[in-house]
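Chains C and X supply the protein sequences, listed in that same order.
192 is the number that the working numbering gives to position 192 of the first sequence; each next residue is one higher, with no gaps.
1161 is the number that the working numbering gives to position 161 of the second sequence; each next residue is one higher, with no gaps.
Where hints are given, some of them may not hold.
To be verified - Only pairs whose alpha carbons sit at most 25 Å apart, straight line, appear in this in silico SDA-like list of lysine to any residue:
{"#": "1", "chain 1": "X", "residue 1": "K1053", "chain 2": "C", "residue 2": "M432"}
{"#": "2", "chain 1": "X", "residue 1": "K1076", "chain 2": "C", "residue 2": "D342"}
{"#": "3", "chain 1": "X", "residue 1": "K1053", "chain 2": "C", "residue 2": "R339"}
{"#": "4", "chain 1": "C", "residue 1": "K14", "chain 2": "X", "residue 2": "K1053"}
{"#": "5", "chain 1": "C", "residue 1": "K91", "chain 2": "C", "residue 2": "D155"}
{"#": "6", "chain 1": "C", "residue 1": "K91", "chain 2": "C", "residue 2": "F42"}
The hints are simulated quantities; they were obtained by calculation from the structure and are not laboratory data.
Note that this is a predicted model, so its numbers are computed, not measured.
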Amino acid sequence: MNIWKISIKNLKSKSFYTVLSIIILALSITLLLGIQQIKSSFEYQMENNLGDIDLVIGAKGSPLQLVLASILHLDNPTGNIKYTEAKKLAKNRLIKTAVPISYGDNYKGYRIVGTTDEFYNFYNAELEKGQFTKEAFQVVIGATLAKNLNLKLGDNFKSSHGLVDNTIDVHDDKLIVVGILKPTQKVIDCLIVTNLETVWDVHDHDDEEHTDSHESEHNDSEAHEAHEHDNEHHEHDGHDEHDHETTDEAHHDHENHYDEDKEITSLLVQFRSPVALLNFPRKVNESSNLQAAIPKYELDRLYEFTSIGFKTITWIAYLILIISGITIFVNLYKMVKERAFDLAILRTYGASNLQLIKMIAYEGFTVAIIAFLAGFLFVKVGLTLVLKTARLGFKQNIIKTLTFEDGMQVAILVFIMVTLSIALAIYPILKMNISTILSNEK
Amino acid sequence: MIQTQNLTFKYKNQKTAIGFPDIHLKENEHLLILGKSGIGKTTLLHLLAGLLKPETGNVTINNTNINTLSSSKLDKFRGENVGLVFQQKHAIQSLSVIENLQARLFFSNKKENQNKLNDLLEQLNLTACKNNKINQISEGQLQRLGIALSVVHNPQVILADEPTSSLDDENCEAVINLLKQQAEKNKAHLIVITHDQRIKSFFENTMTL
Chain C
1 MNIWKISIKN
11 LKSKSFYTVL
21 SIIILALSIT
31 LLLGIQQIKS
41 SFEYQMENNL
51 GDIDLVIGAK
61 GSPLQLVLAS
71 ILHLDNPTGN
81 IKYTEAKKLA
91 KNRLIKTAVP
101 ISYGDNYKGY
111 RIVGTTDEFY
121 NFYNAELEKG
131 QFTKEAFQVV
141 IGATLAKNLN
151 LKLGDNFKSS
161 HGLVDNTIDV
171 HDDKLIVVGI
181 LKPTQKVIDC
191 LIVTNLETVW
201 DVHDHDDEEH
211 TDSHESEHND
221 SEAHEAHEHD
231 NEHHEHDGHD
241 EHDHETTDEA
251 HHDHENHYDE
261 DKEITSLLVQ
271 FRSPVALLNF
281 PRKVNESSNL
291 QAAIPKYELD
301 RLYEFTSIGF
311 KTITWIAYLI
321 LIISGITIFV
331 NLYKMVKERA
341 FDLAILRTYG
351 ASNLQLIKMI
361 AYEGFTVAII
371 AFLAGFLFVK
381 VGLTLVLKTA
391 RLGFKQNIIK
401 TLTFEDGMQV
411 AILVFIMVTL
421 SIALAIYPIL
431 KMNISTILSN
441 EK
Chain X
1001 MIQTQNLTFK
1011 YKNQKTAIGF
1021 PDIHLKENEH
1031 LLILGKSGIG
1041 KTTLLHLLAG
1051 LLKPETGNVT
1061 INNTNINTLS
1071 SSKLDKFRGE
1081 NVGLVFQQKH
1091 AIQSLSVIEN
1101 LQARLFFSNK
1111 KENQNKLNDL
1121 LEQLNLTACK
1131 NNKINQISEG
1141 QLQRLGIALS
1151 VVHNPQVILA
1161 DEPTSSLDDE
1171 NCEAVINLLK
1181 QQAEKNKAHL
1191 IVITHDQRIK
1201 SFFENTMTL
C-alpha cells in the first residue's frame, strides 16, 4: 500500500466524476491544441509557399486575389496579361528572376500550371523520378498529387477547363506525366507543372474549334497589337536611358512572334534587392494596366482578417479550460469536504498533512495527465479525419505537426490551472482540526 | 506506561479551562473512564491521543512527552504508537477491508506481514469479507474492522471512544472482550471512555469524570 495506490483507488471509487473531469479537460485541451496546430499550419503554409517571391504581377483586380491565385493557388486569377508586356517588365534591372505562370485548367481539381523551369526554384523542388518537361503536353506532378491520384511516370490524362473538377468541359489533348517531384511540404506538392506552351496549345486548339469567325479573331489581335504599340511608346517616353534595352526587346519580340498574342496569368518576381519593393510596384501600378501585388503585405492583411476568428475560438477554448479547471477544483474540493472524516481518520493513522496533500495532488494530476494525453490523441486523430473528409477545398493536406513548444505551452497552462485547483482544494486540509471533525461527525 | 499530569483544556469559546484527574497506568494495565455526556470524555481521549493540545500539563507515553513533539513528529508518533477506536464506525470508503488495514500499516511505517494480517482477520472473523469495499460489509463487520484497525500496527495504547454505546448486551460483551484480548496480545494499554455502565465489570481500574 502507498499513497499512489490510495489515490488511484479514490479516483476509481468515484469513477463517474473522474471520467467526467477527464472528458471536460480533454475536450478543452483538444480545442486548444487543435487551434494552435491549425493556426501554425496555416501560417507556416502561407509563409512557406511565399518562398522567395517578392512580387506578383497580374491583371488589375484585387491584389489579395492575385496573391491567393498565383502563389497559394487558392483563388481564381484576376484575369490574363499579355506575355510580351510581362516580358518587357521582366527586363528591368532590379529583377533577379521573373517566372511567368499561366493556368486555367485542372485535372480532378488539381491545378495545371504552365510555367518555366525557374518555377521549381521557388520551392527548391527536386525530381523524385523522371525528368523536367521538354516539350508541350508533358507534365511534372507534385508528390501529394502523385500519391492521391496514384499517377505514375508515363501515365496520361485529359485536363478539364476551369479550376474545378468537371467532366463537361474536357480538353482533347492528352497530357503525359514525365516527372514526379520529391515532397516539399509546399504548394507545388499539389500542382501539375508543365510549360507555357502546353497551356497555350490546349486552348489554341480549343479556340480553333470553338471560334465561329476567324474575322473576329483577326480583329482582336489587331486591337491587341495597337495597344501593344501604345505601351511601347509609353516605355520609350519614360525611359530614354533604356534605349539599348528596348531595342533588344523589340528584336527579341520579333524573334518570338509566336508569343505576340499569347497571354499568361501572372508573373512571379524576385528582386535583386528588397529596395526595389519601394518603387517598382508603384511604378507598375501607375504606369501600366498591370497590377503588382506584394505577397507578404497581402498575406499580412489576410492574417488580420482571419485572426479574429482564431482569436474567438482560442478564447472559447480558454473558457472551456477554465470551466474544466473549476470542475476539477469542485470535484477535489467536494472530495475533501465529503471525506473530511476519512482524511481526519487518515491523520489518526499517522498520515501527515504532506501525505494527504500528496494524495489529493496525485488524484488531480492523474486526471490532468490522462486528459492531456487524450486531448493530444484527439487532435492527432481528429485533424487527420477532418482533413481526410473535408480536404479543405484546396487539396492541401499539409498539416504541420505540433511542435514541442506548442504542446508545452498548453501543458504548462493546464499544469498551472490544475495546480491552482489542487491548492485551493487542499486548503481545508491544512486548516483541518482532526479533533473537531472526529467529535462532530455523528 | 502512560501517564498524565495536571491536564487541563480550554475550549475556544470558554473562559475557564476544565481539568482532568491524573492517569497513571503501569504495564499491562487497562482503564475505564466513565462519565456523563458532555463532561469532556472525548476531549480527554483526544488529549491522550495528541489530537488536541492541552492548556496545561502533559501526556507521557512510554517516556515520550507527546506535548513537546512538533506536529509532524506527533503525527508520526500517533501513527506508530496509538490505536483509536471511534464511536462512529468508520473506515476509508474507497478501500477494501484488507486495503484499509494495509493503509493503516503504511501510514504508521510498519511493514506488512501477510500472515499476521490473516491471523488478525481470522481472530476478528473478517476473513470472508476481506476483499469487500466498506459499503459492502455489515455493521458488525465494520465494528470489528474498527478494532482491527486500532491494533494492526502493534500500538502502545489503544484508545476507544464509546465503542459499545450502540450495541446490544451480547455484542457489547463481545466487543469489550475482543478489545481486551487484542490489547493483551499486543501488550498495549487499553483505555475505554464511555457512559455505558454495562462494561464496568470488565475493568479493574475505573475512573469517573
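* Is the hinted pair X:K1053 and C:R339 satisfied, with a Cα-Cα distance of at most 25 Å? -> holds, 24 Å
* **Straight-line alpha-carbon gap C:K91 to C:F42, limit 25 Å** => Cα-Cα ~34 Å, so violated.
* To do: Verify the proposed pairing of X:K1053 with C:M432, using a straight-line Cα cut of 25 Å.
  => Since the Cα atoms of X:K1053 and C:M432 sit roughly 14 Å apart, the hinted pair holds (cutoff 25 Å).
* Asked: Is X:K1076 close enough to C:D342, meaning Cα to Cα at most 25 Å?
  -> It holds: about 18 Å lies between the C-alpha atoms, which stays within 25 Å.
* Satisfaction of hint between X:K1053 and C:K14, Cα-Cα up to 25 Å -> violated, 35 Å
* Distance restraint between C:K91 and C:D155, which requires alpha-carbon spacing of 25 Å or less -> Cα-Cα ~38 Å, so violated.
When held up to the earlier numbered hints, the structure conflicts with 4, 5, 6 and fits the remainder.
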